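Novice: What follows is the residue order along each chain.
Protein chains: 4
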Amino acid sequence: MTTTNIREAYIDVRKLSETICEPLETEDYVPQPVPFVSPPKWHLAHSTWFFETFILKSFDPTYRVFDPAFNYLFNSYYNNIGERTVRTNRGNVTRPTIKNVYAYRHYVDKHVLELLSGPLIEKMLPLIQLGLQHEQQHQELMITDVKYILGHNPIFPVYKPEHNLVNSQNPEYGFVSITEGVYEIGYTGEDFCFDNELGRHKTYIQNFEISKSLVTNEEYLAFMDAGGYQDFNLWLDEGWSWVTQNGINSPLYWHKMNGEWFYYTLAGLQQVNPKAILSHVSFYEASAFAQWKQMRLPTEFEWEVASEQLSWGQRWEWTNSSYLPYPGFTKAAGAVGEYNGKFMINQMVLRGASVATSPDHSRSTYRNFFHTNERWQYTGIRLVK
Amino acid sequence: MTTTNIREAYIDVRKLSETICEPLETEDYVPQPVPFVSPPKWHLAHSTWFFETFILKSFDPTYRVFDPAFNYLFNSYYNNIGERTVRTNRGNVTRPTIKNVYAYRHYVDKHVLELLSGPLIEKMLPLIQLGLQHEQQHQELMITDVKYILGHNPIFPVYKPEHNLVNSQNPEYGFVSITEGVYEIGYTGEDFCFDNELGRHKTYIQNFEISKSLVTNEEYLAFMDAGGYQDFNLWLDEGWSWVTQNGINSPLYWHKMNGEWFYYTLAGLQQVNPKAILSHVSFYEASAFAQWKQMRLPTEFEWEVASEQLSWGQRWEWTNSSYLPYPGFTKAAGAVGEYNGKFMINQMVLRGASVATSPDHSRSTYRNFFHTNERWQYTGIRLVK
Amino acid sequence: MTTTNIREAYIDVRKLSETICEPLETEDYVPQPVPFVSPPKWHLAHSTWFFETFILKSFDPTYRVFDPAFNYLFNSYYNNIGERTVRTNRGNVTRPTIKNVYAYRHYVDKHVLELLSGPLIEKMLPLIQLGLQHEQQHQELMITDVKYILGHNPIFPVYKPEHNLVNSQNPEYGFVSITEGVYEIGYTGEDFCFDNELGRHKTYIQNFEISKSLVTNEEYLAFMDAGGYQDFNLWLDEGWSWVTQNGINSPLYWHKMNGEWFYYTLAGLQQVNPKAILSHVSFYEASAFAQWKQMRLPTEFEWEVASEQLSWGQRWEWTNSSYLPYPGFTKAAGAVGEYNGKFMINQMVLRGASVATSPDHSRSTYRNFFHTNERWQYTGIRLVK
Amino acid sequence: MTTTNIREAYIDVRKLSETICEPLETEDYVPQPVPFVSPPKWHLAHSTWFFETFILKSFDPTYRVFDPAFNYLFNSYYNNIGERTVRTNRGNVTRPTIKNVYAYRHYVDKHVLELLSGPLIEKMLPLIQLGLQHEQQHQELMITDVKYILGHNPIFPVYKPEHNLVNSQNPEYGFVSITEGVYEIGYTGEDFCFDNELGRHKTYIQNFEISKSLVTNEEYLAFMDAGGYQDFNLWLDEGWSWVTQNGINSPLYWHKMNGEWFYYTLAGLQQVNPKAILSHVSFYEASAFAQWKQMRLPTEFEWEVASEQLSWGQRWEWTNSSYLPYPGFTKAAGAVGEYNGKFMINQMVLRGASVATSPDHSRSTYRNFFHTNERWQYTGIRLVK
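Chains as they are written, first to last, in full-length UniProt numbering: chain A, 1 to 385; chain B, 1 to 385; chain C, 1 to 385; chain D, 1 to 385.
Because the hints were derived from the structure by calculation, they are not lab data.
Just so you know, not all the hints are guaranteed correct.
Keeping only pairs whose Cα atoms sit at most 27 Å apart, straight-line, the calculated DSS-like set for lysine-lysine is [claimed, not checked]:
(1) D:Lys15 - D:Lys110
(2) A:Lys99 - A:Lys212
(3) C:Lys99 - C:Lys57
(4) B:Lys202 - C:Lys385
(5) D:Lys160 - C:Lys99
(6) A:Lys110 - A:Lys123
(7) B:Lys110 - B:Lys212
(8) D:Lys275 - A:Lys293
(9) D:Lys293 - D:Lys331
(10) B:Lys331 - C:Lys57
(11) B:Lys160 - A:Lys99
(12) A:Lys212 - D:Lys202
(13) A:Lys202 - D:Lys99
(14) A:Lys331 - D:Lys293
(15) B:Lys293 - B:Lys275
(16) D:Lys202 - D:Lys256
(17) B:Lys385 - C:Lys57
(18) B:Lys99 - A:Lys99
(19) A:Lys385 - D:Lys385
(20) C:Lys99 - B:Lys331
(21) C:Lys160 - B:Lys385
(22) C:Lys160 - D:Lys385
(23) A:Lys331 - D:Lys385
(24) D:Lys99 - A:Lys385
(25) D:Lys385 - A:Lys202
(26) B:Lys99 - A:Lys160
(27) D:Lys99 - C:Lys99
(28) D:Lys57 - D:Lys331
(29) C:Lys202 - B:Lys202
(30) C:Lys331 - B:Lys293
Bear in mind that the values here come from a model prediction, so they are computed numbers and not experimental data.
Use the sequences and the hints to build the structure in full.
Specialist: Below is the structure:
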């Protein structure tokens, strides 16, 4: 990537974060209703803190930090960078104001762009690229976190009237067959990828057939109508505890009103569209549905091998692979090394991308990961037989 | 009280709530950092909901509610009025916006004032008076809740530069002696009082001497320096658990920095003023301090009997009386009856008033009450020997 | 009390603890199903530890402790005596065995009786008396704790076939009237009493009428049938939370089977006897029942004044008085001072005695106390109007 | 397996459970100090219940159950068999007594052996075999649960004076090299194996070298002395939370006394033997230690491929593989299908066997599994580079 390209990319990515927030009221930027959801204000500030910390402080000797307190307030989980706000406390930090956070963004942007206009600093470019990819990840989280905040308000406010991400449908149906053999897995190109995709390596795959379509609301309603949420034989033991202890009986955001199923969308409350692709299910639900269908979820390796023949990008697709390091994985020294490696336990891999994923932020080798009970992302199900 | 008087009182009280919020940023109105603190936005809306529910819906047949959803959103604890937002969820409700809540206030104000301009409705006046007293109670909570929100922000924002409520000092020292005998307790006048003050009745008081002054920071620092927080013999068993499990070693808002004690005030972080009256202690701390001084806290009856000879109103003063009904106490039928009676268990009575109490909202018979571990109010200690 | 008397009392009281345990299997001595229930083994050892610690170690210079580890294992809550087993861990300490604990008892008994055969030690006698009263308190707890352990076993084992303590009935009905005036409260005799009964003092009582009978199962069933557990207006706010969060719909040990109410008794599962006196209710239930009857609970002072005209001793009777110190209360120095005073907060006083109370362990001035949600004691309701 | 063989195996395995319990006092059979530890009494009864439920009730039409209540009391997790005691409540069920549980064992044994003396029932044999394997698994749990119960008693009772399982040492050192290629994984013989080992399939393995020895106490002490428990960079994010929230600073059962490290063994408290193989570490600790050594844990596939060249069986060896189904895994219908499949999420595979594993209960294809924080089994570390 050239400096010019990266400059343009920087401008575009940084702008998109602000565009996503345009429909918000000031109040919407503040709360953290559950620990895994962060306030939009925090996302805006934290993604800026990343550039201030890893670019400006490192490569611009004349840079003066915008506010020394921000390092404490907007560090997410980098132990190497020092103390930080307790994660569950993000929603209580009312100052700095939104206005001040925007000033922070623009101050940092100004300095980064100045730096990019100066002489080329080789070691800086990959870190800027990482910062942009990082911000794109937070952009998707901003959308899903805003959906969580508004979608749990009893009056179901609209984010954007035209913004119904969950209504998309499958372009094709049927199954793709893959033949047994040794395949190569992992990123191999010259462009950006995360460290967890590296270490291209051989793996042995058995014969399998994978669906060209994702499960639809209609198909999932059949599972619900057949008593899927009441039959313990379909569920993992942990999944059954999750269902019974939380009284789960539908995907997230679904509400039964006068005998009809509705769901909250970013365009407001709507009747569930039977033909649309199912979204907002946990790994437990994906696993139970597959069990009911007498099929299974793909492994992440099967998914990657088949991906060329699939249409993907509507939902993050749960795989039956744990998030573990590839052979030869090593994490970078220092804070950047905390990016991925330390989370490689007790999470499942999701492949593909979703309707909320930022442009130019998907690859067939991309490894997303969430805990088995999490479902506020646009998650869906693809089956294998 | 005449209709004119009440009209004026209504205007004044309602205005004060908005004055209290003037220094706030929009963001400050939103969060609920702990369950017992409510968002300022919620206070503004809930005190308005009280008038809409108990006045306009009851006495104005032409009234149309501002927004039907607000009954669900802004009911606090009145089971008789129906379902409501879970208390711990108040900080996540970003809509309606602040602006909309102010519109709600002004809409309700307009209709109440119109009603007060019309023909006299006898039964309405006591309910308006109750609504104003209720709003005054929320005004004090707004101040203490704002202090909690800003005071737990790592950057310690200033509410008002001149607004240091905790620096006030004792006007006099020494002890007042009261002679043993039968005394009468409870409200007896013609003006407003709460139902929990009624049922004036005789009680027998033993000889006692009560301090004319409240405990100062200096006196409390002596307790701390003497190892008061480390000596279990001074504490109630529950208090000692509270100290050890929460790592308590100072009043709320105190921070030791470079060997000096500072406290957060509404005017920002300041060095502890040794001559100022101690504030923000729990009942447990008040009890342990009294034990250390080989004195005790007054009962609420002793306090009321002595009150004419005391200067009071700087801090809510912990008494050693539980919040229980007076002889002959009965609660009103319906929702208004839920105001006080149902809380008469496992709380302690505080007497007096504090620097944050609204004007015209104190009486020597007033019974405030909090749990033994709560200390975000302006609470203090007066000793008896 | 003479040395001979106390020697006889010592033998009797110590023997009764073992008699209570006779019907137990070894396994029954071990568990602690909830923190407030202690294993019978622990009671046997702890009451012995009390004599070893406060008598033998203090007054017998030749005494050698039975086992040094027992001080750690069987201290209950005396901070002045040092570290001890975490309270919630008592049920996991399988060694020493029961047999060993009995050996401990007999070893300590032998030495105490030797000491009592020697020259009179004035200061020792009140501590032995305290130790015996202490053991009697644990005897009642042993009965209620055994009931809890066996009564929560799905197979409802019988403790003693003839031992149905809850079937006793009221000897009389009607009301006693007490006239307003100044009365004296507190212990005034020459025999043993606890420090919390001392400080006889005047109190002013209003006119009241108190029931000669305790509430029966029949009367309580009427409350249940009338929807008492479903009507929030009858309950204290805390009580209503307790009911809804724990799904409470009957007294402890009651089970509805095929449409009939049964209760676990120490003689096994039996159909509820409508004429028997109600037992095993919490303060919340007592308060709600009184509210439903449009009466109230007595204060502890009313109870004490009326007690001469009442027949009492079947149930611990909930009063509407908080457990707080009498005027002039002071606690003794050192460990003995931890006996009562440090618990004087957030508990309610119960007066009388129960069918499980040890002989010679009741007085009209006795102040028992429990938390508002506790009901594994033989607790009942007496009403005032 | 012939009927004669299985009859002998039945007698041997059933007897071993009772041999394991011989050193126990009656009291030791009762408690459940933490949810994942079960009372020895429960193990004895539950393993018997397995035979009663799946053999006698199914294949012996004349069989009369020993006690109908036992199905409720001693079912572990088989939803298909119906309601059962809440898992965390096992330690409170004092009846039936130990004696009665032994009577239950002998009653069931008598009937099973009679059935095995009768005409051959083909379908029964695999279920008896499963029952014996099941009992062997519980035998290992009985040893580790007894260790947990006695090892958490402040007086550290001895189980058997000669029974120090943790003192064993490595028979050899150095590394084994494995060459890249396609290997087959999974059970392939004719004897018993669990369903989770089936579905022999090809997998691709990269070059690796695996240690012939397990990590010793000496090596682990070097990690501790180097600050391993204080350096967040060595830990998985979840592992670091586990360390800090639980104050972990050594393996389970280790105690620092007067500057020396001791550990609880079944032979009592002993000084840590530096040459002995490390035991009782969590996956988090295994992972952090490997990181510190700049090596890694093997995958379960690498372990299986290398196993022929390794000496194993001293410790359950943590692998870096999640417990997930092999290709083609299907679970049996009904209750037996609940044995393994429903636990295939959020646990890690351990390979090998430990000093506490029952004889004839290990295979190189055996897949054991525990949660990442569990360490009361005899778990150890083998490294790969």
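Novice: Honestly, which of those hints from before does the structure not fit?
Specialist: 2, 7, 8, 9, 10, 13, 16, 17, 19, 20, 21, 22 and 24
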